[in-house]
Amino acid sequence: MSSINFLRSKATRSLPSVVSALRAGTKEKGGISKTVIPALVTAERPPGPLYGKHPSFSFQTASRSLSTTASIRSPTIDRPVAAAIPYSGPALHGVASDLVLNSVLHLNEDEKYWVPQLENVWYRPLLFSLSQGYWVNLLRVRKSGILSRHRHTGPVHAATLKGKWHYLEHDWWATPGSYSYEPPGDIHTLEVPEGVEEMVTLFHVTGSYAYVEPDGTPIGNEDVFTQFETARDHYIKNGIGEEYLNSLVR
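Taking the numbering used here, I'd label the letters of the sequence shown as residues 52 to 301.
No lab work stands behind these hints: they were computed from the structure. Note that the coordinates shown come from a computational prediction; the quantities given were computed from them, not determined experimentally. Among the clues, some could well be false.
[To be verified] Derived EDC-like pairs (lysine to aspartate or glutamate); straight-line CA-CA distance at most 20 angstroms: (1) 288 <-> 161; (2) 288 <-> 170; (3) 194 <-> 245; (4) 163 <-> 242; (5) 288 <-> 129; (6) 194 <-> 170; (7) 213 <-> 242; (8) 213 <-> 170; (9) 163 <-> 249; (10) 213 <-> 245; (11) 163 <-> 284; (12) 215 <-> 242; (13) 194 <-> 149; (14) 213 <-> 248; (15) 215 <-> 248; (16) 213 <-> 161; (17) 194 <-> 248; (18) 163 <-> 245; (19) 215 <-> 245.
[What the hints assert, rightly or not] Here are the in silico distance ranges between beta carbons for each label pair: (20) 132 <-> 268: 55 to 65 angstroms; (21) 245 <-> 298: 50 to 60 angstroms; (22) 149 <-> 194: 33 to 43 angstroms; (23) 132 <-> 221: 39 to 49 angstroms; (24) 194 <-> 144: 44 to 54 angstroms; (25) 277 <-> 210: 18 to 28 angstroms; (26) 210 <-> 276: 45 to 55 angstroms; (27) 276 <-> 171: 20 to 30 angstroms; (28) 154 <-> 220: 33 to 43 angstroms; (29) 269 <-> 144: 37 to 47 angstroms; (30) 227 <-> 129: 31 to 41 angstroms.
Where a beta carbon is used, it is the ideal one built from N, C-alpha and C, also for glycine.
Use the sequences and the hints to build the structure in full.
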């Protein structure tokens, strides 16, 4: 028998003697090496099998124990019901103003808000968080084929509103009503398939993404600042102006 198995078998034979040795070891000179090891060596094994199901074990008892433990660890939260009375206290320091944009899902209502990105590809900005490095926009594609291959540095959330798209590297498809999450570090190639006349998806992008070659070599970069500057140039040219764009900054 190996020394490890010997100690293991001895350790399971008389727990009270080992516990006593542990307590004594903290007080006596020589510590644990003087008291615990001799206790392990001389411990007596109680009757019954060393391994296997304990005589008093039952799955019903175990199930009840687990249920009890779960109920203890997951207390019920008492959520108060608020009356129809607005908050009247002071505003917290540094809180940004909220933002509401009407009719943003009327996708073809006003073309001038759509910023050209590539041929037959536009985006409509909804929010620029220049302080936290993320942006929210609607991406519209009116062509089939490959849009871009890129690597993300932060998480991406997407909700597909119209059309269909996917990544060549994954087996899922985004269709109207779909929500998708893209983790940081994911490298993928966006494709709109043949037969889709228009794809529109709401994206929430954190961090930046690098355009890459098939082997991963970076060839370009996009972030909240490049998105903002592109939109700024477009809005100045078509008369919307910087004031509207600045209203989207948080």
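The hints, checked one at a time:
A distance of roughly 15 angstroms separates the Cα atoms of residue 288 and residue 161; the hinted pair therefore holds under the 20 angstroms criterion. For the hint pairing residue 288 with residue 170, the CA-to-CA distance comes to about 18 angstroms; that is within 20 angstroms, so the pair holds. With a C-alpha separation of about 8 angstroms, the suggested pair residue 194 and residue 245 falls inside the 20 angstroms cut-off, and the hint holds. This hinted pair does not check out: residue 163 and residue 242 have alpha carbons roughly 26 angstroms apart, beyond 20 angstroms.
Of the supplied pair hints, the one linking residue 288 and residue 129 is violated, its CA atoms being roughly 55 angstroms apart against a limit of 20 angstroms. For the hint linking residue 194 to residue 170, the alpha-carbon distance of about 9 angstroms falls within 20 angstroms, and the restraint holds. Distance hint between residue 213 and residue 242 is fulfilled; the C-alpha atoms sit about 14 angstroms from each other, no more than 20 angstroms. Restraint check for residue 213 and residue 170: satisfied, since their Cα atoms lie roughly 19 angstroms apart, inside the 20 angstroms limit.
For a cut-off of 20 angstroms, the pair hint linking residue 163 to residue 249 stands: about 18 angstroms separates their Cα positions. Distance hint between residue 213 and residue 245 is fulfilled; the C-alpha atoms sit about 15 angstroms from each other, no more than 20 angstroms. Our distance criterion of 20 angstroms between C-alpha atoms is met by residue 163 and residue 284, whose separation comes to about 12 angstroms. The suggested pairing of residue 215 with residue 242 holds, with an alpha-carbon distance near 9 angstroms, which does not exceed 20 angstroms.
Annotation: proposed proximity of residue 194 to residue 149 is violated, straight-line Cα distance about 35 angstroms (limit 20 angstroms). Between residue 213 and residue 248 the CA atoms are separated by roughly 10 angstroms; this keeps the pair inside 20 angstroms, and the hint holds. Distance restraint check for residue 215 and residue 248: the Cα-Cα separation of roughly 9 angstroms lies within the 20 angstroms cut-off, and the hinted pair is therefore satisfied. The hinted pair formed by residue 213 and residue 161 meets the criterion: a straight-line CA distance of about 17 angstroms does not exceed 20 angstroms.
This hinted pair checks out: residue 194 and residue 248 have alpha carbons roughly 6 angstroms apart, not beyond 20 angstroms. For a cut-off of 20 angstroms, the pair hint linking residue 163 to residue 245 is broken: about 27 angstroms separates their Cα positions. Of the pairs offered as hints, the one joining residue 215 and residue 245 holds, with about 10 angstroms between alpha carbons and a cut-off of 20 angstroms not exceeded. Roughly 57 angstroms separates the CB atoms of residue 132 and residue 268, a value that falls within the hinted 55 to 65 angstroms.
In this structure the supplied range 50 to 60 angstroms is violated for residue 245 paired with residue 298, their Cβ-Cβ distance being about 39 angstroms. Restraint check, residue 149 to residue 194: a C-beta distance of roughly 36 angstroms satisfies the suggested window 33 to 43 angstroms. At roughly 43 angstroms, the beta carbons of residue 132 and residue 221 sit within the given window of 39 to 49 angstroms. Separated by about 48 angstroms at the C-beta atoms, residue 194 and residue 144 satisfy the suggested range of 44 to 54 angstroms.
For the pair residue 277 and residue 210, the supplied restraint of 18 to 28 angstroms holds, since their beta-carbon distance comes to about 23 angstroms. Separation of residue 210 from residue 276 is about 24 angstroms and departs from the stated range, judged on CB atoms against 45 to 55 angstroms. Checked against the given bound of 20 to 30 angstroms, the beta carbons of residue 276 and residue 171, roughly 25 angstroms apart, stay inside it. Between residue 154 and residue 220 the CB atoms are about 35 angstroms apart, so this pair conforms to the stated range of 33 to 43 angstroms.
Taking 37 to 47 angstroms as the suggested C-beta distance range, the pair residue 269 and residue 144 conforms, at roughly 40 angstroms. The given range of 31 to 41 angstroms is respected by residue 227 and residue 129, whose C-beta atoms sit roughly 39 angstroms from each other.
In this structure, the hints that do not hold are numbers 4, 5, 13, 18, 21 and 26, in rising order.
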